[in-house]
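Sequences are here, hints too, so could you generate the full structure?
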Amino acid sequence: MGEPGTKEVISLEELEAAGMGRTGRKHLLSILVENKPGVLSRVTGLFARRGFNIDTLAVGPTDDPSLSRITLTLDGALHPIDQVTKQLHKLINVLKIRDLEPDETLARELALFKISADGAQRAEITQLVEIFRGKIVDVNRRAMVVEITGTQDKIEAFERLVRPFGLVEMARTGEIAISRGRGET
Amino acid sequence: MRAVDALMECLKAEGVDVVFGIPGGANLPTYDAFYEAGIRHILVRHEAGGGHAAEGYAKASGRVGVSLGTSGPGATNLVTPICDAMMDSVPVVFITGQVRTELLGTDGFQEADILGITMPIVKHSFMIQHPLEIPRTIHEAFHVARSGRPGPVVVDIPVDLSRVDIEYEPAGEVHLPGYQPTTEGNQKQIRLAAKAMVGARRPVLYVGGGVVNANASAELTELALADRLPVTCTLMGLGAFPAPHPQWLGMLGMHGTRTANYAMDEADLICAIGARFDDRITGKLSEFAPRAKFIHIDVDPAEISKNVPAHIPIVGDAKNILPRLLNEYRALEPDTSRLDGWWERIDGWRRQHPLGYEDSADAEIKPQRLVQALYEATGGDAVVTSDVGQHQMWAAQYYHFNAPRNWINSGGLGTMGFGLPAAMGAAVARPDDTVICIAGDGSVQMNMQELATCAENGIPIKVFVMNNGYLGMVRQWQELFWDKRYSQVDMGRWPDFVKLAEAHGATGMRFTEKSTLVDDIKTALATDGPVLVDVRVTREENTYPMIPAGAAARDMVG
Ligand SMILES: Cc1ncc(C[n+]2csc(CCOP(=O)(O)OP(=O)(O)O)c2C)c(N)n1
Numbered sequence: 001m002g003e004p005g006t007k008e009v010i011s012l013e014e015l016e017a018a019g020m021g022r023t024g025r026k027h028l029l030s031i032l033v034e035n036k037p038g039v040l041s042r043v044t045g046l047f048a049r050r051g052f053n054i055d056t057l058a059v060g061p062t063d064d065p066s067l068s069r070i071t072l073t074l075d076g077a078l079h080p081i082d083q084v085t086k087q088l089h090k091l092i093n094v095l096k097i098r099d100l101e102p103d104e105t106l107a108r109e110l111a112l113f114k115i116s117a118d119g120a121q122r123a124e125i126t127q128l129v130e131i132f133r134g135k136i137v138d139v140n141r142r143a144m145v146v147e148i149t150g151t152q153d154k155i156e157a158f159e160r161l162v163r164p165f166g167l168v169e170m171a172r173t174g175e176i177a178i179s180r181g182r183g184e185t
Numbered sequence: 001m002r003a004v005d006a007l008m009e010c011l012k013a014e015g016v017d018v019v020f021g022i023p024g025g026a027n028l029p030t031y032d033a034f035y036e037a038g039i040r041h042i043l044v045r046h047e048a049g050g051g052h053a054a055e056g057y058a059k060a061s062g063r064v065g066v067s068l069g070t071s072g073p074g075a076t077n078l079v080t081p082i083c084d085a086m087m088d089s090v091p092v093v094f095i096t097g098q099v100r101t102e103l104l105g106t107d108g109f110q111e112a113d114i115l116g117i118t119m120p121i122v123k124h125s126f127m128i129q130h131p132l133e134i135p136r137t138i139h140e141a142f143h144v145a146r147s148g149r150p151g152p153v154v155v156d157i158p159v160d161l162s163r164v165d166i167e168y169e170p171a172g173e174v175h176l177p178g179y180q181p182t183t184e185g186n187q188k189q190i191r192l193a194a195k196a197m198v199g200a201r202r203p204v205l206y207v208g209g210g211v212v213n214a215n216a217s218a219e220l221t222e223l224a225l226a227d228r229l230p231v232t233c234t235l236m237g238l239g240a241f242p243a244p245h246p247q248w249l250g251m252l253g254m255h256g257t258r259t260a261n262y263a264m265d266e267a268d269l270i271c272a273i274g275a276r277f278d279d280r281i282t283g284k285l286s287e288f289a290p291r292a293k294f295i296h297i298d299v300d301p302a303e304i305s306k307n308v309p310a311h312i313p314i315v316g317d318a319k320n321i322l323p324r325l326l327n328e329y330r331a332l333e334p335d336t337s338r339l340d341g342w343w344e345r346i347d348g349w350r351r352q353h354p355l356g357y358e359d360s361a362d363a364e365i366k367p368q369r370l371v372q373a374l375y376e377a378t379g380g381d382a383v384v385t386s387d388v389g390q391h392q393m394w395a396a397q398y399y400h401f402n403a404p405r406n407w408i409n410s411g412g413l414g415t416m417g418f419g420l421p422a423a424m425g426a427a428v429a430r431p432d433d434t435v436i437c438i439a440g441d442g443s444v445q446m447n448m449q450e451l452a453t454c455a456e457n458g459i460p461i462k463v464f465v466m467n468n469g470y471l472g473m474v475r476q477w478q479e480l481f482w483d484k485r486y487s488q489v490d491m492g493r494w495p496d497f498v499k500l501a502e503a504h505g506a507t508g509m510r511f512t513e514k515s516t517l518v519d520d521i522k523t524a525l526a527t528d529g530p531v532l533v534d535v536r537v538t539r540e541e542n543t544y545p546m547i548p549a550g551a552a553a554r555d556m557v558g
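Chains A and B, in that order, are what the protein sequence lines are. The letter at position 121 of the first sequence is residue 121 when you use the working numbering, and the numbering goes up by one with no holes. The letter at position 251 of the second sequence is residue 251 when you use the working numbering, and the numbering goes up by one with no holes.
Please keep in mind that the hints were generated in silico from the structure rather than gathered at the bench. Everything numeric in this text was worked out from a predicted model, so none of it was measured. For every residue, glycine included, the Cβ atom is placed at its ideal position computed from N, Cα and C. There could be a bad hint or two in this list.
Partner residues aside, some chain B positions facing chain A, computed with beta carbon under 7 angstroms [said to hold, decoys possible]:
1) 119
2) 177
3) 306
Listed next, with one range per pair, are the computed distances between beta-carbon atoms [what the hints assert, rightly or not]:
4) 151(A) / 333(B): 53 to 61 angstroms
5) 24(A) / 356(B): 44 to 52 angstroms
6) 34(A) / 539(B): 33 to 41 angstroms
7) 105(A) / 291(B): 37 to 45 angstroms
8) 105(A) / 480(B): 50 to 58 angstroms
9) 105(A) / 187(B): 27 to 35 angstroms
10) 55(A) / 381(B): 53 to 61 angstroms
11) 186(B) / 128(A): 54 to 62 angstroms
From chain A, some residues computed to sit far from chain B (all C-beta separations above 12 angstroms) [as the list claims (entries may be wrong)]:
12) 27
13) 29
14) 33
15) 38
16) 41
17) 66
18) 76
19) 80
20) 108
21) 124
22) 150
23) 161
24) 174
Structural data, given as structure tokens:
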């Protein structure tokens with residue numbers, strides 16, 4: 001590949017060809033970290049520095065107040081997941097990393113949709129919300145706010161269906177996950 | 001006692017005998033504690049000089065270096081040494097002062113978020129939030145800096161917390177649940193590696209600075225000698241295997257020997273030990289060692305398969321792994337004669353492509369000749385530091401390092417101005433050894449001020465400025481790859497290094513004559529105190545051989 005010190009131009013094909021260890025699928029990492037100031041910044045900083053792009057990110061407390069859980073999703077087609085987890089392990093505040101197996105994992109996300117809806121459309125939207133086991137959390141004359149929980153696929157399906165009504169805005173939490181069965185995630 | 005007095009106790013408990021630093025408002029309490037702590041403090045002239053001195057100290061001794069600065073500019077001046085220590089895995093604890101806690105986040109006078117600034121370039125960092133944390137944190141900082149893959153640790157202490165009266169109890173075991181470096185090395189993998197090596201017909205041991213860090217040179221040498229295994233070292237690994245030696249191929253990589261690079265190119269098995277397949281080693285990655293299988297031994301699991309996929313990864317400490325590998329290897333009773341053909345090939349390259357240059361016909365000193373003369377004058381028995389540029393590569397090529405920790409340079413970051421302060425730190429660590437710095441005339445001006453520190457403290461470093469009047473390495477690239485359009489590389493005639501040396505309280509000398517060079521060097525070495533010699537060398541000499549950036553080892557030029 002052309003290198004900064006030389007005159008050689010870097011072609012995009014070359015850029016894409018670089019790299020190894022791509023799995024080609026989405027990865028859901030569950031990262032247990034010490035609940036201390038600056039830890040999230042260490043994790044996200046590492047991603048930025050190594051050029052890893054986070055698709056979704058959720059952070060919250062765990063059953064142990066001294067620990068937090070970071071759940072994030074990454075595209076394994078673009079990133080060497082193995083290298084990502086090894087680099088994360090080098091952070092001293094990171095205690096445990098699980099690259100969750102899709103089949104053994106329960107992953108959920110929450111999304112809020114603000115949909116423009118006048119009288120006529122409201123019934124139709126309400127029906128969709130029922131099908132998706134969602135909740136209408138706010139209604140006024142011109143719009144309604146809907147809450148949907150579920151897998152990313154489900155949320156994206158709902159989004160596609162309500163978009164034609166006029167989607168004013170949408171907010172998503174990013175996935176959180178826990179493993180199936182008795183063992184700890 | 002005050003938290004800062006506890007800090008002193010902790011430093012002593014960690015075996016710290018010397019620190020390098022500069023005081024300021026935010027670390028006044030710390031400096032008050034130094035007043036009678038019984039720890040040697042060397043007052044440097046610039047925090048970067050102090051940081052690099054701490055690195056030089058650490059590299060020369062294997063102990064943890066300590067460097068201090070105040071908040072704000074004191075801390076930001078340490079950024080380059082911190083990054084340098086990260087890139088070259090140098091154990092240094094950096095202790096910075098910080099504004100008082102109530103000012104944090106208010107853009108207070110001399111406030112800089114040094115933790116935020118250095119987050120991507122530290123092994124770890126701590127912000128003290130309660131004075132009682134100081135003792136435990138200091139021990140954790142030393143533990144993290146020196147164990148596993150060594151590296152820099154920053155401890156930032158707000159000035160108000162450092163003054164608080166605390167009950168000091170010597171800290172017990174450090175408890176870092178998220179930090180458990182693997183040192184052991186998996187026995188099955190070691191056995192597999194031994195098998196692969198016994199089966200290999202064209203093996204090469206590719207050795208990096210990790211072997212020096214692990215203090216595993218003797219173990220490495222024993223393994224190599226067990227069966228005539230060819231050895232090459234990276235720039236950081238020089239000295240891990242005693243050069244010159246019949247099994248020594250020379251350094252590999254961009255300015256390595258043809259023999260070492262060709263051997264990598266044709267090898268069927270490469271055993272990488274404490275090396276990280278940096279781009280200066282591999283050149284064009286897709287054409288790097290195309291026939292080889294790789295054993296990769298490293299204490300940092302993230303290095304394994306980062307750049308080149310390893311067939312046999314072994315995570316752990318080389319000092320622990322190499323003797324076990326040797327046992328397994330011996331047990332398999334390798335047939336040494338299988339390497340005959342390989343050695344014939346290697347010897348052929350050695351005969352055909354010895355490292356060399358065309359000497360001047362007159363009195364002019366060729367830069368390579370200067371390094372050879374330094375080797376002769378010291379008998380190879382000195383600690384050598386260098387700056388960054390052509391002189392660094394010539395030093396690496398022509399000074400044959402026969403012991404670890406005798407070669408100290410900035411490899412990963414390539415920091416100009418590293419050499420002189422690093423020599424100062426090395427000389428403090430090893431007062432009985434000759435310490436010389438092979439400097440560039442460009443580089444040396446970046447931390448020249450520490451010569452005054454050396455004069456003040458009687459630190460007798462001998463600095464040889466390879467003066468070509470150019471930012472030579474950049475000039476070389478402009479000559480070779482940019483149609484000789486020399487842009488901003490001519491440094492002109494100034495400064496007068498002899499006068500500058502004298503102004504700093506050191507002895508200044510100037511060498512221009514080839515025939516008396518070795519004797520002149522001996523005179524400089526025999527002169528008391530710090531000496532800086534302006535050695536006038538050929539202005540436009542190129543560092544060869546060379547793998548052009550992004551090319552393959554096969555395509556070496558020069
Ligand atoms: C701090 C810093 N700035 C810039 C560079 C880029 N650089 C690399 S080598 C070099 C020239 C060094 O010149 P000199 O110290 O005179 O050594 P020479 O190459 O002439 O031996 C420069 C500018 C660098 N490595 N470090």
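Hints, verified against the model:
At its closest, the beta carbon of residue 119(B) sits 5 angstroms from a beta carbon of chain A; the interface hint therefore holds under the 7 angstroms criterion. Checking residue 177(B) against chain A: minimum C-beta separation of about 6 angstroms stays under 7 angstroms; hint holds. Checking residue 306(B) against chain A: minimum C-beta separation of about 6 angstroms stays under 7 angstroms; hint holds. Residue 151(A) and residue 333(B) have their C-beta atoms about 59 angstroms apart, which keeps the hinted 53 to 61 angstroms range intact.
A hinted range of 44 to 52 angstroms for the beta carbons of residue 24(A) and residue 356(B) is consistent with their spacing of about 50 angstroms. At roughly 56 angstroms, the beta carbons of residue 34(A) and residue 539(B) sit outside the given window of 33 to 41 angstroms. In this structure the supplied range 37 to 45 angstroms holds for residue 105(A) paired with residue 291(B), their Cβ-Cβ distance being about 42 angstroms. Remark: the range hint 50 to 58 angstroms for residue 105(A) to residue 480(B) is upheld by a beta-carbon distance near 54 angstroms.
A hinted range of 27 to 35 angstroms for the beta carbons of residue 105(A) and residue 187(B) is consistent with their spacing of about 34 angstroms. Range check, residue 55(A) to residue 381(B): Cβ separation about 58 angstroms, and the 53 to 61 angstroms hint holds. Take residue 186(B) and residue 128(A): their Cβ atoms lie about 55 angstroms apart, and the range 54 to 62 angstroms holds. No Cβ of chain B comes within 12 angstroms of the Cβ of residue 27(A); the nearest lies about 17 angstroms off, and the non-interface call holds.
Listed as a non-interface residue, residue 29(A) keeps its Cβ farther than 12 angstroms from every Cβ of chain B; the least gap is roughly 15 angstroms. With a cut of 12 angstroms on Cβ distances, residue 33(A) falls inside the contact zone with chain B, its closest approach being about 8 angstroms. Chain B draws residue 38(A) into its interface by the beta-carbon criterion, the shortest separation being 7 angstroms against a cut-off of 12 angstroms. Not every beta carbon of chain B lies more than 12 angstroms from that of residue 41(A), the smallest distance being close to 7 angstroms; the non-interface claim is violated.
Listed as outside the interface, residue 66(A) is inconsistent with that label: its C-beta sits roughly 10 angstroms from the nearest C-beta of chain B, within the 12 angstroms cut-off. At roughly 15 angstroms, the least C-beta separation between residue 76(A) and chain B is larger than 12 angstroms, which holds for a residue marked as non-interface. Chain B draws residue 80(A) into its interface by the beta-carbon criterion, the shortest separation being 8 angstroms against a cut-off of 12 angstroms. At the 12 angstroms boundary, the C-beta of residue 108(A) stays outside the reach of chain B, the nearest C-beta of that chain being 27 angstroms off.
No beta-carbon of chain B comes within 12 angstroms of the beta-carbon of residue 124(A); the shortest separation is about 50 angstroms. Remark: the non-interface label on residue 150(A) is consistent with the geometry, its nearest Cβ contact in chain B lying 33 angstroms away (cut-off 12 angstroms). Under the 12 angstroms C-beta cut-off, the non-interface status given to residue 161(A) relative to chain B holds; the minimum distance is some 43 angstroms. Every C-beta of chain B lies more than 12 angstroms from that of residue 174(A), the closest at about 23 angstroms, which supports listing it as non-interface.
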